[in-house]
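**Q** Work the whole structure out from these sequences, hints included.
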Amino acid sequence: MSAAANVLVNASAPSNETGYRTFTLGSFKISRDEYFVHVTWPAKGQQMKHIMSADAFLRAMMRDVAWGFFYGWVNFDGMVGTRNKYGQVEFYAGRYAPAYHDRGLDLVETFDTPLIMATFKAILEDFTNKGFDPFAAPDETGSSWVGKKNGSNTEAIDRQRQACKRMPGLPGDAELRTDSNGYPVNRAFADVVQDAPEVHAEAGFENDVHAMNLFAYLSRSDVTWNPSVTSVCGRSLCCPTTEEYILPIKHGNDRVEWFVQLSDEIEWEVEDKLTGLPRAKAIMKAGDVAAMPANIRHQGFSKKRSMLLVWENATPELPEMYESGKLQPYPVNF
Amino acid sequence: MSEFQTVFGSLNDYTKGELKIINDDPKHYVFSNIFDVASKSKPYEKVVVAINLEYVIEAVRAEGVSDWYAVAHDEFAIVMDGEVRIDLVKLDNPNAVAPADKQGAVKVKGEPVGKKMGHIVCKRGHQALLPAGAAYRFTATKTGVMMMQTVLGDLSVQKWAEICYK
Ligand SMILES: [Fe+2]
Chain A
1 MSAAANVLVN ASAPSNETGY RTFTLGSFKI SRDEYFVHVT WPAKGQQMKH
51 IMSADAFLRA MMRDVAWGFF YGWVNFDGMV GTRNKYGQVE FYAGRYAPAY
101 HDRGLDLVET FDTPLIMATF KAILEDFTNK GFDPFAAPDE TGSSWVGKKN
151 GSNTEAIDRQ RQACKRMPGL PGDAELRTDS NGYPVNRAFA DVVQDAPEVH
201 AEAGFENDVH AMNLFAYLSR SDVTWNPSVT SVCGRSLCCP TTEEYILPIK
251 HGNDRVEWFV QLSDEIEWEV EDKLTGLPRA KAIMKAGDVA AMPANIRHQG
301 FSKKRSMLLV WENATPELPE MYESGKLQPY PVNF
Chain B
1 MSEFQTVFGS LNDYTKGELK IINDDPKHYV FSNIFDVASK SKPYEKVVVA
51 INLEYVIEAV RAEGVSDWYA VAHDEFAIVM DGEVRIDLVK LDNPNAVAPA
101 DKQGAVKVKG EPVGKKMGHI VCKRGHQALL PAGAAYRFTA TKTGVMMMQT
151 VLGDLSVQKW AEICYK
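Those sequence lines, one after another, are chains A and B.
Going by our numbering, the letters in the first sequence line up with residues 1 to 334, in that order.
Going by our numbering, the letters in the second sequence line up with residues 1 to 166, in that order.
It is possible that part of the hints are untrue.
[To be verified] Straight-line Cα separation of at most 35 Å, DSBU-like style, residue types lysine-lysine; simulated pairs:
| id | chain 1 | residue 1 | chain 2 | residue 2 |
| --- | --- | --- | --- | --- |
| 1 | A | K165 | B | K159 |
| 2 | B | K20 | A | K303 |
| 3 | B | K20 | A | K304 |
| 4 | B | K40 | B | K16 |
| 5 | A | K326 | B | K159 |
| 6 | A | K285 | B | K20 |
| 7 | A | K304 | B | K16 |
| 8 | B | K142 | A | K303 |
| 9 | B | K123 | B | K107 |
| 10 | A | K29 | A | K85 |
| 11 | B | K90 | B | K115 |
| 12 | A | K303 | B | K40 |
| 13 | A | K304 | B | K40 |
| 14 | A | K85 | A | K326 |
| 15 | B | K123 | B | K159 |
| 16 | B | K27 | B | K40 |
| 17 | B | K109 | A | K165 |
| 18 | B | K166 | A | K304 |
| 19 | A | K326 | B | K107 |
| 20 | B | K142 | A | K165 |
| 21 | B | K166 | A | K326 |
| 22 | B | K90 | A | K165 |
| 23 | B | K27 | B | K123 |
| 24 | A | K281 | B | K20 |
| 25 | A | K326 | A | K165 |
| 26 | B | K142 | B | K16 |
| 27 | A | K304 | B | K123 |
| 28 | A | K285 | A | K303 |
| 29 | A | K281 | B | K27 |
| 30 | A | K285 | A | K165 |
| 31 | B | K27 | A | K285 |
| 32 | A | K285 | B | K166 |
| 33 | A | K304 | B | K159 |
| 34 | A | K149 | A | K121 |
| 35 | A | K303 | B | K27 |
| 36 | B | K42 | A | K165 |
| 37 | B | K159 | B | K27 |
| 38 | B | K115 | A | K165 |
Please keep in mind that the hints were generated in silico from the structure rather than gathered at the bench.
Since the structure is predicted, the reported quantities are computational estimates derived from the model, not experimental observations.
**A** Spelled out as structure tokens, the structure:
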């Protein structure tokens with residue numbers, strides 16, 4: 001047992017065979033071996049089992065932790081994931097896989113956010129070996145996730161999501177990214193122009209006359225599929241991110257969200273939120289704008305590192321407005 | 001030479017993506033392209049390309065010199081193509097132009113009255129703050145496209161059927 005912020009994480013002693021601990025979260029048990037993560041849960045008197053490649057599991061859990069369980073559903077794959085109830089979080093297995101759910105073979109349990117957060121962080125720390133960065137593209141990180149327990153990579157998994165209060169670079173707000181503060185230009189964005197806007201402020205207005213090179217800022221992102229906040233207009237948040245390889249989760253929306261593709265191309269697979277049945281594919285190129293409705297889940301594929309602006313509305317009442325039918329799941333009628 | 005080539009769009013060079021429907025209505029995705037929209041817009045027409053309750057993202061064709069605008073809340077402009085100079089004036093009496101609860105941008109009648117705050121010149125990829133209580137004017141030194149993060153206002157234009165995949 002280890003204590004983090006007065007929350008007790010239920011973990012076994014390290015396995016003699018693999019060196020990894022087994023974690024208990026409510027009725028769920030989560031363990032790993034050389035290649036795989038295993039999630040087990042009881043249903044109808046049986047012990048149910050789900051298996052995932054450990055790298056995919058770590059990439060997914062890393063996003064869930066870094067995003068603070070995000071908006072709505074974070075599906076690690078078609079079987080397991082979390083639903084944010086803002087203060088509490090559901091962890092589920094099989095709930096959105098109709099073959100399980102229809103037969104009562106699924107399980108959903110609700111946890112106070114600090115407990116599930118502490119447990120997920122402990123799992124990430126224990127299951128991540130030295131040299132593996134769950135935030136990196138496969139081309140950028142090693143295969144050291146394979147095998148028995150071998151060191152850790154706390155520095156990589158403790159990265160904080162960068163959120164500005166108004167706009168990065170303003171006094172007292174998030175810092176701009178530079179070589180000297182540890183954000184070199186990513187290899188895939190070596191051709192992105194790094195010039196700065198000309199800012200001429202009259203005396204006394206230095207804090208209000210402000211601009212930044214957003215594309216240069218994004219070219220220096222050291223993570224994939226991890227939005228940062230770069231402008232705040234009331235509850236409207238621009239959350240651009242750089243994407244390479246596969247979004248490690250299937251995000252189920254509890255509100256409409258919007259994508260603006262800033263560079264290159266992402267292919268989105270869109271499925272029904274509850275059943276996972278295919279609904280659409282959106283191939284988005286630079287300048288494309290699309291809504292992701294409130295009743296779907298989606299996963300992106302980006303063959304080259306690309307810049308995506310995710311546009312969110314953080315109004316707290318939104319999930320209830322969709323759930324109750326007060327709002328239709330689509331943003332506009334035309 | 002890097003092995004990677006980053007592809008941005010521009011008014012003269014953009015490719016729209018594709019929406020492939022399996023079991024849905026294409027209108028639910030409200031799929032448009034900022035450059036495509038701006039290529040058909042009047043200068044500084046504020047065409048809404050994304051909306052979430054009262055909040056919007058507008059695609060704006062930057063061409064020539066704009067009117068003066070004022071806002072009661074922060075707005076942000078990202079230059080997606082071209083080169084735009086933004087002049088800023090701190091309004092002496094912002095309430096008379098855009099009252100505190102006024103949403104979205106309003107046009108300033110005549111010249112704005114207040115102190116000059118300065119100016120910014122933005123090229124592709126640059127983002128500028130248009131601060132609450134200020135008046136601003138765009139001058140496109142090269143015709144281009146801006147993406148504006150703001151609130152739905154009197155000047156916002158919604159023409160979804162014209163701009164989206166059906
Ligand atoms: Fe999403």
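**Q** Next step is simple, just say for each hint if it's right about the structure.
**A** Status of each hint after checking the structure:
1. A:K165 - B:K159: Within the cut-off at roughly 32 Å; holds.
2. B:K20 - A:K303: holds, 19 Å
3. B:K20 - A:K304: The hint holds at about 21 Å.
4. B:K40 - B:K16: Holds - the C-alpha atoms of K16 (chain B) and K40 (chain B) are around 14 Å apart, at most 35 Å.
5. A:K326 - B:K159: Since the Cα atoms of K326 (chain A) and K159 (chain B) sit roughly 24 Å apart, the hinted pair holds (cutoff 35 Å).
6. A:K285 - B:K20: holds, 14 Å
7. A:K304 - B:K16: holds, 18 Å
8. B:K142 - A:K303: The given pair, whose Cα atoms are some 32 Å apart, holds under the 35 Å limit.
9. B:K123 - B:K107: holds, 24 Å
10. A:K29 - A:K85: Holds. K29 (chain A) to K85 (chain A) sits at ~22 Å (cutoff 35 Å).
11. B:K90 - B:K115: Distance ~5 Å between K90 (chain B) and K115 (chain B) Cα, so the pair holds.
12. A:K303 - B:K40: holds, 31 Å
13. A:K304 - B:K40: holds, 30 Å
14. A:K85 - A:K326: This hinted pair holds, its Cα atoms lying about 18 Å apart.
15. B:K123 - B:K159: holds, 28 Å
16. B:K27 - B:K40: This hinted pair holds, its Cα atoms lying about 20 Å apart.
17. B:K109 - A:K165: At roughly 32 Å apart (the allowed maximum being 35 Å), K165 (chain A) and K109 (chain B) satisfy the hint.
18. B:K166 - A:K304: Measuring from Cα to Cα gives roughly 29 Å; hence the hint holds.
19. A:K326 - B:K107: holds, 34 Å
20. B:K142 - A:K165: holds, 32 Å
21. B:K166 - A:K326: holds, 25 Å
22. B:K90 - A:K165: holds, 22 Å
23. B:K27 - B:K123: holds, 33 Å
24. A:K281 - B:K20: At roughly 5 Å apart (the allowed maximum being 35 Å), K20 (chain B) and K281 (chain A) satisfy the hint.
25. A:K326 - A:K165: holds, 30 Å
26. B:K142 - B:K16: Holds - the C-alpha atoms of K16 (chain B) and K142 (chain B) are around 23 Å apart, at most 35 Å.
27. A:K304 - B:K123: Holds, at roughly 24 Å.
28. A:K285 - A:K303: With Cα atoms ~12 Å apart, K285 (chain A) and K303 (chain A) stay inside 35 Å; holds.
29. A:K281 - B:K27: holds, 13 Å
30. A:K285 - A:K165: holds, 29 Å
31. B:K27 - A:K285: holds, 18 Å
32. A:K285 - B:K166: holds, 18 Å
33. A:K304 - B:K159: holds, 33 Å
34. A:K149 - A:K121: Given pair K149 (chain A), K121 (chain A) holds - Cα atoms ~16 Å apart, limit 35 Å.
35. A:K303 - B:K27: holds, 27 Å
36. B:K42 - A:K165: The hint holds at about 34 Å.
37. B:K159 - B:K27: holds, 13 Å
38. B:K115 - A:K165: holds, 26 Å
In this structure, every one of the numbered hints holds.
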